[in-house]
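K.L.:
Those protein sequences? They're chains A and B, same order as listed. As numbered in the UniProt record's numbering, residues 1 to 262 make up the first sequence, in order. As numbered in the UniProt record's numbering, residues 1 to 282 make up the second sequence, in order.
Careful: at least some of the hints might be erroneous.
Within a straight-line C-alpha distance of at most 30 Å, the following computed DSBU-like cross-link-like pairs (lysine-lysine) qualify [what the hints assert, rightly or not]: (1) Lys-261/A <-> Lys-241/A; (2) Lys-40/B <-> Lys-60/B; (3) Lys-140/A <-> Lys-42/B; (4) Lys-227/A <-> Lys-261/A; (5) Lys-107/B <-> Lys-42/B; (6) Lys-227/A <-> Lys-258/A; (7) Lys-42/B <-> Lys-183/A; (8) Lys-64/A <-> Lys-261/A; (9) Lys-241/A <-> Lys-262/A; (10) Lys-140/A <-> Lys-107/B; (11) Lys-241/A <-> Lys-258/A; (12) Lys-42/B <-> Lys-60/B; (13) Lys-32/A <-> Lys-261/A; (14) Lys-140/A <-> Lys-183/A; (15) Lys-140/A <-> Lys-40/B; (16) Lys-183/A <-> Lys-40/B; (17) Lys-32/A <-> Lys-107/B; (18) Lys-64/A <-> Lys-241/A.
If you're looking for bench data, these hints aren't it; they were derived computationally from the structure.
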Amino acid sequence: MAESTKTGEEVLNETAADGRKPVVVVDSLHVKYQVHAGGRPVKGTGRALLNRAGRGIRTVHALKGVSFTAYENESIGIIGSNGSGKSTLMRALVGLTPPSDGAVYASSRPNLLGVGAALIPDLSGEKNIQLGGLALGFSKQEIGRLRDDIVEFAELEDFIDLPMRTYSSGMQARLKFAIAASKQHEILIVDEALAVGDQRFRQRSEARIREIRENAGTVFLVSHSMKSVLDTCSRVIWINKGELMMDGDPREVVDAYKETKK
Amino acid sequence: MSLVDYAHRNRLHRVGARPSLPRYLADAWSRRDFAIAMAKYKIEAANQRNRLGMLWIFIKPTLNALMYGLIFGVLQGSNRPENFPMHVVIGVFLFEFFSTSMNNGAKSITGNGALVQSLAFPRITLPLSTVIQQLMTLVPMLGVMVVYILILGAPIRAEWLLMIPLVAIFTVFNLGVALIGARLTVHIRDLTQLLPLVTRILFYTSGVLFAIDRILAPYPWAVALFDFHPLHEVLSIARGLLMPGGEFNPIYWLYFSVWALAVFVAGVLFFWAAEERYGRVD
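Work out the full structure, taking the sequences as your base and the hints as a guide.
P.N.:
This is the structure:
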């Protein structure tokens, strides 16, 4: 496999040959964030207030032209150090962070496993299951059917009528995970940090993630654990400073990545 | 062949692309339960920790009406409109529906950043949910308003039923305003700072506390201008329907409906056009 960032043409030449069905095509994806840097405004110009550039706007180039193609039934690990652009790439994959250049194409909308932001802490667990389910796109009838499984999986039978803010952080995390994990996806993005709670629940949630992964068509797994990447992924993509460093066989990529960490 | 062509040949769609308008509205319609549930639960959550709970929905506008009624009742002296207490109660209660829709609608995207960035759904659901929430608050408020009016001596009349279509048109109008506000604050956050001022200006210029034709009697052209002020129209219709001996120009029904429809259509188009923009962090 080629090292360093590949151009769209190169990706294409590799992929067009065989007959596998592509489900996600990432075409020279750039993402830039504009961030207000907290510096002192420029003095004496008088324009400082209106001229936004004068107020210390910094452009962070989070992804610098990433291209790859993902196929049906692939399980792709995404690795890279903190701040390398993994999360930005995942958010761009699901269409939540619009690219500043390039694009992501997919056969159906990829989904992140997560629902926390839709919930309201002042409401009971019961009502949050309703709300979270609706936010994920379930109908009321479907939520009615899933409700018992969610409560049981979260192990909150005795507390489900209490406001969520009174839950311990572990209980909240369990509820969020149980709601999010009730949905099946064609293209799924899993952040391994999602395995939450105490030792026992962590094992159960990891098992659940594995189950979801098996049922989903194509999975992206973001992880810092090289062991779980090697265990479960058929292909690994290594991102560093917004550039795609390497893409290919898990063993080779992980070894190369580890080499730079020494 | 480029990757783009390759993607198209395999029938892949661009992720996050704005759907066509009919498709977008159909998506939003299928998420209506989410919008309603969010509205309902937000009201519950907001009042849950207050001792008086839901009662605050009535207490706040009642106190407002009392305060404005006293201050402006004294200030206006003989210029006071007839049945001044009723005039103020109807004005304050209905204006509250507009101002909360506009203010909360404007914050519905910027204030839900985490939600917008973590789940995919048509963003129009958020301002829609906000206006539904205000409507759910308005209905019991209208009940209280009617009680006040009865206490103040208004006889029950069949015309009161016309409040139902009026509130429906008003809701459409407010939704349009909320949609426009929601997108504008995404582009210019500073607008949220100006909104309280805009609310004040509209409050004092829509005749919540005054009878426009009395205050502006020396300037007939200005009074004529108020025929086209949507909030003045809705308040005039409501007062005409509810107050004893109330009168209003029936053409206001037409004017206000046209306003509502125009603002709503403009709002939907304006909001939809920037659909791809709402999740962006900058």
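K.L.:
Enumerate the violated hints, using their earlier numbering and listing them in ascending order.
P.N.:
none
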